[in-house]
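**Q** Each chain is listed here by its residues.
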Amino acid sequence: MSIKDLLTPFTAWKRITKEPVTIRDPFNDRPGAERYRGFHKNDVNKCIGCGTCEDICENEAIDMVPFKDPISGDSGLRPRLDYGRCCWCALCVDVCTTNSLTLSNEYTWVTVDPEDFRYTPGVDKKAWDDNEKGWKKPEGSYEFYNINRVEMHHLHPEDRDKSFVEMVKGYSREQAIAEADRCVECGICTATCPAHMGIPEYIKAVRHEDMEEGLRILYETNPLPEICGRICTHKCETVCSIGHKGDPLSIRWLKRYIADNVSSDKYKEILNTKDLSNNHKKVAIIGSGPAGLSAAHYLALMGYQCTIFEQYEKAGGMMRYGIPEYRLPYDSIDKDIDYILSLGVDIKYNTRIGTDITLEQLNKDYNAVFAGTGLHLGRSTGIPGSDNEHVYYATDLLRQITAGEEIEVTDQIVVIGGGNVAMDITRSLARMQNQKFGKVNIITTALEREKNLPADLEEVVESREEGAIINPGWAPQSIEIENGRPVGLHVIKCNSLFDDTGRFNPQCDITKKEFFPGSMIVQSIGQGMDLSFVNEDFKKDLEFGSRGRVVTNAYFQTSVKWFFMGGDIIEGPDVIHGIANGHKAAIGIDNYIQGIDFTPAK
Amino acid sequence: MVEILKELEDRFQVTDLVQQKDHLAFVSVDKNKAIPMITWLKDQAGYTSLTLLTAVDWLEDGKFQLTYMINNPKKNSQIAARVMIDRENATMESAHHLWESIRIYQRELKEMFGIDFPGSPEVDESFILEGWVDIPPYRRDFDTKKYSDETYFPRPGRQSNDPAEYMKSKMYPNE
Chain V
1 MSIKDLLTPF TAWKRITKEP VTIRDPFNDR PGAERYRGFH KNDVNKCIGC GTCEDICENE
61 AIDMVPFKDP ISGDSGLRPR LDYGRCCWCA LCVDVCTTNS LTLSNEYTWV TVDPEDFRYT
121 PGVDKKAWDD NEKGWKKPEG SYEFYNINRV EMHHLHPEDR DKSFVEMVKG YSREQAIAEA
181 DRCVECGICT ATCPAHMGIP EYIKAVRHED MEEGLRILYE TNPLPEICGR ICTHKCETVC
241 SIGHKGDPLS IRWLKRYIAD NVSSDKYKEI LNTKDLSNNH KKVAIIGSGP AGLSAAHYLA
301 LMGYQCTIFE QYEKAGGMMR YGIPEYRLPY DSIDKDIDYI LSLGVDIKYN TRIGTDITLE
361 QLNKDYNAVF AGTGLHLGRS TGIPGSDNEH VYYATDLLRQ ITAGEEIEVT DQIVVIGGGN
421 VAMDITRSLA RMQNQKFGKV NIITTALERE KNLPADLEEV VESREEGAII NPGWAPQSIE
481 IENGRPVGLH VIKCNSLFDD TGRFNPQCDI TKKEFFPGSM IVQSIGQGMD LSFVNEDFKK
541 DLEFGSRGRV VTNAYFQTSV KWFFMGGDII EGPDVIHGIA NGHKAAIGID NYIQGIDFTP
601 AK
Chain P
1001 MVEILKELED RFQVTDLVQQ KDHLAFVSVD KNKAIPMITW LKDQAGYTSL TLLTAVDWLE
1061 DGKFQLTYMI NNPKKNSQIA ARVMIDRENA TMESAHHLWE SIRIYQRELK EMFGIDFPGS
1121 PEVDESFILE GWVDIPPYRR DFDTKKYSDE TYFPRPGRQS NDPAEYMKSK MYPNE
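Protein sequence lines, in the order shown, are assigned to chains V and P.
FYI, the numbering used here numbers position 518 of the first sequence as 518, with every residue one higher than the one before it.
FYI, the numbering used here numbers position 165 of the second sequence as 1165, with every residue one higher than the one before it.
A hint or two may mislead.
[Unchecked claim] Straight-line distance between alpha carbons at most 16 Å, and here's what the computed EDC-like set of lysine to aspartate or glutamate pairs gives:
#1 1075/P to 1003/P
#2 1145/P to 220/V
#3 1145/P to 58/V
#4 1145/P to 571/V
It is worth saying that the hints were derived from the structure and are not from the lab.
Taking the hints into account, I'd like the entire structure generated from these sequences.
**A** Put into structure tokens, the structure is as follows:
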């Protein structure tokens, strides 16, 4: 051993006064860069469990695992990461439909159990959950899909406010494909749709330009696609995952696109309904609205002989006699209905149960009866003056317009109501005023305030475009009558509709009064059911619920086993609930006739 | 910057000039004029330092885009030259005579995109993918998901749920 070997260790001492080049605490002294792509974070309250992160992951590092019970618009699932596979590319963050998923800049994690590296960000608490740094998709930067919907062409107000021609033009091929291309196929919408339509599947068919497949998917759950493609309340669009950052998919217009682009003479071939079996069992259906037609359609596919009894001259119920032609042209109604009738469904027009034929007779002649009679009776405000002959119900007027009957149209009209029916009558009368007087003079008022109006926003906007004044937030007090006809409506300010417990209990300010002049008043504050087709003895056998509705089980069977009821009288009111009820009732009726035991209670 | 870009237009007919920042510009240049241009930039214009060489796969167009980014340290100025080459039998002249370090980039591009640089030292040797037999993995037609499915086994106990199916099972199982 030389002297040098002895001294060498001490040479390090010459650095004893210098700054060390090593890091004392690498876990805390070396943070990741500001936008480093480190460990995942998820805002579980913002996340809707759409699973798009799972779909995009090239490494299959993400599983969707239960976090809570699903609700409309949230699958209740949350992404679980497997860090044995993740490569931190951040595609999951960039595609995230709600921007809930982000990466922290944390990158060190030591554990002895490899299973720890599988975790659900935001659910399994981690030290980096509150770390603000790391990778987030830059606000307003690139998107993997177009967040703006393809605009639908509408007729300009000046081109539509005098006539009843259809105002929504429908998508072209290019527009439909571009719109369909925005869908991430998460399927969150399906649960919210009352008919649980295969929405991502038919949108995919649009994208692949396979209209026949699209039509087959539509008819699995909805036999009125032309109609629904125009006037469905599209609850699905309110939960669309794409809607969290931009416009939701135009699901309704895409459905219309499919139906519009298949010619009716090909329906039977595409839907394979040329040769339906016949089981020689008969079902009577009361009312040809969406519920009755839907029940008839699905029963016909099962081989039943269905006969629809319709009180009016034409089929469609509220779809024809309630919804104005500019929203739903008669051709579209006829296309859907004619196909259902072509399946061997018989229809007897101008036939009213209770007067032309009794319910008891139907019970004798048929194996089961389904009633989808809807809500046709207008509800009165009951205020002084409301019994005047120039005070109308919206439903009556809309029906008369469709039937081509002459109705009174004055140059100054007040409509009471804030729902879609109120907008329908407002816009119909506005058109007729325009035709008759060359100008519009309508005030539509409602209890609800602007932001709580029950009508679809587009209906309110379009009513105003067409010249109507929508003035919500007023409670009607009385109708002033002079010389036997109305001169206007007295109202007071309505501040709130519901009390703290959520009960209907309007709070008004009597000091704030207003007078809306009008020589004709229309009431559109809801509709009631007309059970006059059922005689009093039979009513005793029917079980009624707390709100006066007939009680049915999950298959819309009433307490009278052979008598099923569905549609607006049971659930809704809207077309899509009617369709869903009719479909479910058809399954129930099939089970009942075959003597199969099925779920008894709702 | 403006003068040098003008000069590149005159001498090498560059196109698509984009001056991104004061000291950063992008130009497109023909494949056969690319090496003469960067040689000129290096020897005559003071762009002596190589920043990087990288590629983009324009699958639909049947092209690879090579980007040579070079730097003038005295002026702190960057020029990025974009060169489109055919995707089929992708080959590009080597620039290792200009910068020895570029052979590392060229070797990487050979391995990850399959772009050949004949004559570049060790260009055919494995870079990071020892024993790779599939198509080059940075090519966009390389199916990462399929590869990981076939190559790596799933961890036991993993289970996923489809959102729509899961919602049906919980919210309306009988419909």
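**Q** Each hint should be assessed against the structure and marked as holding or not.
**A** These are the hints, each one checked on the structure:
1. 1075/P to 1003/P: holds, 13 Å
2. 1145/P to 220/V: Outside the cut-off at roughly 33 Å; violated.
3. 1145/P to 58/V: Holds. Residue 1145/P to residue 58/V sits at ~5 Å (cutoff 16 Å).
4. 1145/P to 571/V: violated, 46 Å
In summary, the numbered hints that this structure violates are 2 and 4.
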